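In order, the protein sequences belong to chains F and B.
Going by numbering that gives the first Met the number 0, the first sequence opens with residue 0, and the numbers climb by one from there.
Going by numbering that gives the first Met the number 0, the second sequence opens with residue 0, and the numbers climb by one from there.
Just so you know, the hints here were simulated from the structure itself, not pulled from any lab data.
Keep in mind that this is a model prediction, so the values were computed, not measured.
Each residue gets a CB set at the ideal place from its N, CA and C atoms; glycine is no exception.
There could be a bad hint or two in this list.
What follows is a set of in silico ranges between Cβ atoms, one per label pair, in the way DEER data are often shown [what the hints assert, rightly or not]:
(1) F:S257 <-> B:R88: 16 to 24 Å
(2) F:P103 <-> B:N39: 20 to 28 Å
(3) B:D7 <-> F:P87: 32 to 40 Å
(4) B:G107 <-> F:R243: 25 to 33 Å
(5) F:H186 <-> B:A115: 13 to 21 Å
(6) B:E97 <-> F:F177: 48 to 56 Å
(7) F:G259 <-> B:R118: 26 to 34 Å
(8) B:I71 <-> F:F177: 55 to 63 Å
(9) F:G286 <-> B:F44: 35 to 43 Å
(10) F:L244 <-> B:A115: 37 to 45 Å
(11) B:E97 <-> F:R243: 26 to 34 Å
(12) B:E97 <-> F:A172: 28 to 36 Å
(13) F:S257 <-> B:A89: 17 to 25 Å
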Amino acid sequence: MTPAISVTGLTRRYRDHTALADVTLAISSETITGLLGRNGAGKTTLLRILAGQEFPSSGSVRVLGASPAENEEVLRRLVFVREDQVYPEIKVSQALRAASWFYPNWNCALAASLLDDFGVRANKAVKRLSRGQRSALGITIGLAARAEVTLFDEPYAGLDAVARQVFYDRLLADFTEFPRTVVLSTHLIDEAAALFEGVIVIDRGRVVLDAAADALRGVATRVSGPCLAVDALAEGRPVWERRRLGSQASVVMAGPLSPGDRERARSSGLDLTSLSLQQVVVQAAAGVLAAAPEASFATERSSA
Amino acid sequence: MPEMAGLDEGIPLFAQVAGRLAGEIADGGLAEGERVPSTNELAAFYRINPATAAKGINVLADDGLLEKRRGIGMFVAAGARQRLLARRRAEFTQRYVEPLLTEAARLGIDPGELLALIRAAGGEREGAWL
Numbered sequence: 000m001t002p003a004i005s006v007t008g009l010t011r012r013y014r015d016h017t018a019l020a021d022v023t024l025a026i027s028s029e030t031i032t033g034l035l036g037r038n039g040a041g042k043t044t045l046l047r048i049l050a051g052q053e054f055p056s057s058g059s060v061r062v063l064g065a066s067p068a069e070n071e072e073v074l075r076r077l078v079f080v081r082e083d084q085v086y087p088e089i090k091v092s093q094a095l096r097a098a099s100w101f102y103p104n105w106n107c108a109l110a111a112s113l114l115d116d117f118g119v120r121a122n123k124a125v126k127r128l129s130r131g132q133r134s135a136l137g138i139t140i141g142l143a144a145r146a147e148v149t150l151f152d153e154p155y156a157g158l159d160a161v162a163r164q165v166f167y168d169r170l171l172a173d174f175t176e177f178p179r180t181v182v183l184s185t186h187l188i189d190e191a192a193a194l195f196e197g198v199i200v201i202d203r204g205r206v207v208l209d210a211a212a213d214a215l216r217g218v219a220t221r222v223s224g225p226c227l228a229v230d231a232l233a234e235g236r237p238v239w240e241r242r243r244l245g246s247q248a249s250v251v252m253a254g255p256l257s258p259g260d261r262e263r264a265r266s267s268g269l270d271l272t273s274l275s276l277q278q279v280v281v282q283a284a285a286g287v288l289a290a291a292p293e294a295s296f297a298t299e300r301s302s303a
Numbered sequence: 000m001p002e003m004a005g006l007d008e009g010i011p012l013f014a015q016v017a018g019r020l021a022g023e024i025a026d027g028g029l030a031e032g033e034r035v036p037s038t039n040e041l042a043a044f045y046r047i048n049p050a051t052a053a054k055g056i057n058v059l060a061d062d063g064l065l066e067k068r069r070g071i072g073m074f075v076a077a078g079a080r081q082r083l084l085a086r087r088r089a090e091f092t093q094r095y096v097e098p099l100l101t102e103a104a105r106l107g108i109d110p111g112e113l114l115a116l117i118r119a120a121g122g123e124r125e126g127a128w129l
């Protein structure tokens, strides 16, 4: 199947810095992908280019098989919800009506029920909404558009934890009903991790990790306990992080652990904790993966 | 942290979904011939990506513990419970006895004392079994 989004050798240079450097990636259609990375890593620039709102300095960008730049054909099938979206001086209902004219798959009932879930009244002027309510409006438009390519860039400024859970639940529910290609850029990795099928981590304009989300869980283990025992277990393996306090040590070890390793750890009193997706991403953004060999990402195939 | 109905973020989610279903089959919560929850039902319950849930179901289907009935869904295969129980029994030593022995050795509890402890704990339960 052709990917919904494919980017090859994409570079975006501004006068004094390079926002994206030779980015190559492909996102399969009908998947939910997490676009992760630190502030200023290049996530927004990438999404803006995918949404046709900014142009590459070089390289190729294909969304639904064509370049999105000034391409009405593609842009009607794509929705981009950005952080702190600015609206003209209109009412919520008018914003929704305008969206309904633009997006061919627009679902009115879905929009109404989302607004209701978020507690936003349709007759209110957009400029009188709180920041969180404005984010809720953006999310409502992003989901109700049911666009084949749906891009969310940190869509929840000002939204509380309850409203964010509403967003995640409604996104999943509507995705199963109407599968589409979703890219969600977020800092709240722990919260959103379970939604992702794929994960792309960008750091300083470069892709440092592009993997199946579930394959990253347990790909590294924190080993803690007496120094000598920790060192013995970690010997000859890629280690991402090392800390020490007195006779105690704690290291993050890449690669799957064999049952033999676990037994050794247990008998020498070591504590093992698998890294969560968020912790793996933090390690990736800190640059350790660039140094680690590719092989350390071999997935541990665990059976039921 | 999101609430994923008790799933652990440090272990592949598909494997945990498969493990939970297998556990339900072994415990009789899902009887043989019964329909198992669909991919979408599992995704909504655990709040996880549907593809991840589907992969969990496929692990059990590939193992012959579930069977597909076209157009209706996945069902618990005949003999699934017995196979799962046999597997758990085989893992019992590694999962429970070995850690017990390791910890006992660390605390200096000798085998005789350990046996006595097990007997006493068993005796405290209703309908003493040892």
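Range hint 32 to 40 Å: satisfied by the CB atoms of D7 of chain B and P87 of chain F?
-> violated, 47 Å
Is 26 to 34 Å right for how far apart the beta carbons of G259 of chain F and R118 of chain B are?
-> holds, 32 Å
Between H186 of chain F and A115 of chain B, does the C-beta distance stay in 13 to 21 Å?
-> With a Cβ separation near 55 Å, H186 of chain F and A115 of chain B fall outside 13 to 21 Å, so the hint is violated.
Go ahead and decide if the range 37 to 45 Å is satisfied by the Cβ distance of L244 of chain F to A115 of chain B.
-> Holds - the Cβ-Cβ distance for L244 of chain F and A115 of chain B, about 39 Å, lies within 37 to 45 Å.
Holds or violated: 25 to 33 Å for the Cβ distance of G107 of chain B and R243 of chain F?
-> holds, 29 Å
So does S257 of chain F sit 17 to 25 Å from A89 of chain B, Cβ to Cβ?
-> holds, 18 Å
Taking the beta carbons of E97 of chain B and A172 of chain F, is their distance inside 28 to 36 Å?
-> violated, 44 Å
CB-CB spacing for R88 of chain B and S257 of chain F relative to the 16 to 24 Å hint = At 23 Å between Cβs, range holds.
E97 of chain B paired with R243 of chain F, Cβ distance criterion 26 to 34 Å = holds, 30 Å
Look at the Cβ atoms of P103 of chain F and N39 of chain B and judge whether their distance stays inside 20 to 28 Å.
-> holds, 25 Å
Hint check for F44 of chain B and G286 of chain F - Cβ pair distance inside 35 to 43 Å | holds, 37 Å
Hint says 48 to 56 Å; check whether the CB-CB distance for E97 of chain B and F177 of chain F agrees.
-> holds, 49 Å
In terms of the numbered hints stated before, the structure departs from hints 3, 5, 8, 12, listed from lowest to highest.
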